[in-house]
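S.K.: Sequence:
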Amino acid sequence: MKKRIGSYPRVRVEGGGHGVVTQAGAVLLVETVRKTGLDQAISAALAPWRKARAVHDPGKILLDVALVVALGGDGLADVGMLRAEPGVFGPVASDPTVSRLIDTLAGSGPKALAAIRAARAEVREYVWQLAGPSAPDAGGQVIVDLDGVLVSAHSEKQDAAATWKKTFGHHPIMAFVDHGSGGSGEPVAGLLRPGNAGSNTAADHIEAAQLALVQLPKTYRRGRRTLIRTDCGGGTHEFVAWLIKRGRWLSYSVGMTITEAIHQAVLKVPASTWTPAIEPGGGIRDGAWAAELDGDCLKGWPKGMRLIVRKERPHPGAQLRFTDADGMRLTAFATNTTGVPIAALELRHRQRAGAEDRIRAARATGLRNLPLHGTAQNQIWLEIVQIALELLAWMPMLALTGTARLWEPRRLRLRLFSAAAQLVTTARRRHLRFTRHWPWTTVITSAIQRLQALPNPG
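Here our numbering is used: position 10 in the sequence shown is 985, and no number is missing along the way.
Some hints here could point you the wrong way.
Computed spacing ranges between beta-carbons, pair by pair [said to hold, decoys possible]: (1) Val-1189 x Ser-1083: 10 to 20 Å; (2) Glu-1182 x Gly-1062: 41 to 51 Å; (3) Ala-1137 x His-1412: 30 to 40 Å; (4) Ser-1127 x Val-1189: 22 to 32 Å; (5) Pro-1430 x Arg-1403: 49 to 59 Å.
Taking lysine to aspartate or glutamate and the EDC-like style, the derived pairs with C-alpha atoms no more than 16 Å apart in a straight line are [said to hold, decoys possible]: (6) Lys-1243 x Glu-1267; (7) Lys-1278 x Glu-1358; (8) Lys-1274 x Asp-1261; (9) Lys-1035 x Glu-1006; (10) Lys-1035 x Glu-1358; (11) Lys-1243 x Asp-1271; (12) Lys-1035 x Glu-989; (13) Lys-1220 x Glu-1182; (14) Lys-1193 x Asp-1112; (15) Lys-1274 x Asp-1332; (16) Lys-1086 x Glu-1358; (17) Lys-1193 x Asp-1271; (18) Lys-1243 x Glu-1213; (19) Lys-1193 x Asp-1070; (20) Lys-1026 x Asp-1078; (21) Lys-1274 x Glu-1182.
Hints were generated in silico from the structure; no laboratory data involved. Beta carbons are placed, not taken as given, at the ideal position from N, Cα and C, and that holds for glycine.
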């Protein structure tokens, strides 16, 4: 018998190879940029910041950083990964050029942010038109989730401070459009705040909601076709009043803190009034009920607001809170939606938990740490993160089918973007040939075909 030398085959390693492209699956993101017109829109938006005789377009530089963040990079210097593959990503600016652009955009204040955001809103509307039935507004309503994110800092960065969780860093508010059960979600706002910013600061929620609404097509910027959904951090008088005052009422579903008045009202609700909670498929959710409260609980709140409370048997071993009643875990939310059963409203609000998935994806896509020192530079970085997340949402929406549409960034990187391919030039045309034995080669090639079948932007 031969003596075993290990579980894996021994391979000799050397440099000098050529013709192979690493991260070749990123061509899916490149094609998404091209077909959505994002490159044209960003380049036009940042044209005022292009210096005379500049070699690199500011829009291309910004998109290169967004692409590398989408591929898992967490700093400006990671664009070197794209620079090594000019056959797929084209010419990529040097690290100093990238840093200078970020500093220049940060130094221009709100103008650069407004330009980038306007380009994103323009492209978003076009992408939703391309997506058709897969678009998040296909059901006639857009749901926007607002939530805070704690971002740790490991050095004394500007505006980094102690957070309410005893950590140190920043506390931005993010807003995401919910794609529903058939997709993931895409960011529409990112408001950078110091680490000690409050979780229920109404002014910040209002500003984040304003940024989010501007990102939507005009028909969704006011009126009941847009639902603003938050946790109890948005359950403030000022924020709800703002939602109501914005033209025709926006629909809202905001979490509410269990006050003593709510607690006492729950104890008086007759057993026959409680409605069993439901699951997304319509089945009964065991051990959970919902009921609508009125009376003293609504004093001081706007007319037309409905207060719905949910009670649920806590999981085994869970510790009860002072606000719980009769051994039941209590939560509450307020809404202005009428004509919908209470159980459906409760399910709709509970599905706000999907925002936590979006936050997890954001942390894995450049938001684990803010890499720059100044607040203005990190706000530009936050815009770059949002562009990266948009590409990771738009590409599946336009090109993937089945369960692949639900893959989160880490899985997309592992299965699709990390695939290597051979770059072959014939008849002055470049071809990427993915290996046959890669399990997801068919997913990649089919997605590319769907993207290439889309019309070119006007």
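S.K.: Confirm or reject each hint.
M.R.: Do the hints match the structure? See the list:
1. Val-1189 x Ser-1083: 10 to 20 Å: The hint (10 to 20 Å, Cβ to Cβ) holds, given that Val-1189 and Ser-1083 are roughly 19 Å apart.
2. Glu-1182 x Gly-1062: 41 to 51 Å: About 43 Å separates the Cβ atoms of Glu-1182 and Gly-1062, which means 41 to 51 Å holds.
3. Ala-1137 x His-1412: 30 to 40 Å: violated, 51 Å
4. Ser-1127 x Val-1189: 22 to 32 Å: Once the Cβ atoms are compared, 29 Å apart, the range 22 to 32 Å for Val-1189 and Ser-1127 holds.
5. Pro-1430 x Arg-1403: 49 to 59 Å: Violated, since Pro-1430 and Arg-1403 (Cβ atoms, about 24 Å apart) do not stay within the stated range.
6. Lys-1243 x Glu-1267: holds, 12 Å
7. Lys-1278 x Glu-1358: violated, 37 Å
8. Lys-1274 x Asp-1261: It is violated: about 32 Å lies between the C-alpha atoms, which goes past 16 Å.
9. Lys-1035 x Glu-1006: OK: Lys-1035 and Glu-1006 at ~14 Å, within 16 Å.
10. Lys-1035 x Glu-1358: holds, 15 Å
11. Lys-1243 x Asp-1271: holds, 12 Å
12. Lys-1035 x Glu-989: violated, 34 Å
13. Lys-1220 x Glu-1182: holds, 14 Å
14. Lys-1193 x Asp-1112: holds, 12 Å
15. Lys-1274 x Asp-1332: At roughly 35 Å apart (the allowed maximum being 16 Å), Asp-1332 and Lys-1274 break the hint.
16. Lys-1086 x Glu-1358: holds, 13 Å
17. Lys-1193 x Asp-1271: Violated. Lys-1193 to Asp-1271 sits at ~38 Å, over the 16 Å cutoff.
18. Lys-1243 x Glu-1213: violated, 29 Å
19. Lys-1193 x Asp-1070: violated, 38 Å
20. Lys-1026 x Asp-1078: holds, 14 Å
21. Lys-1274 x Glu-1182: violated, 26 Å
Consistency note: the structure conflicts with the earlier hints numbered 3, 5, 7, 8, 12, 15, 17, 18, 19, 21.
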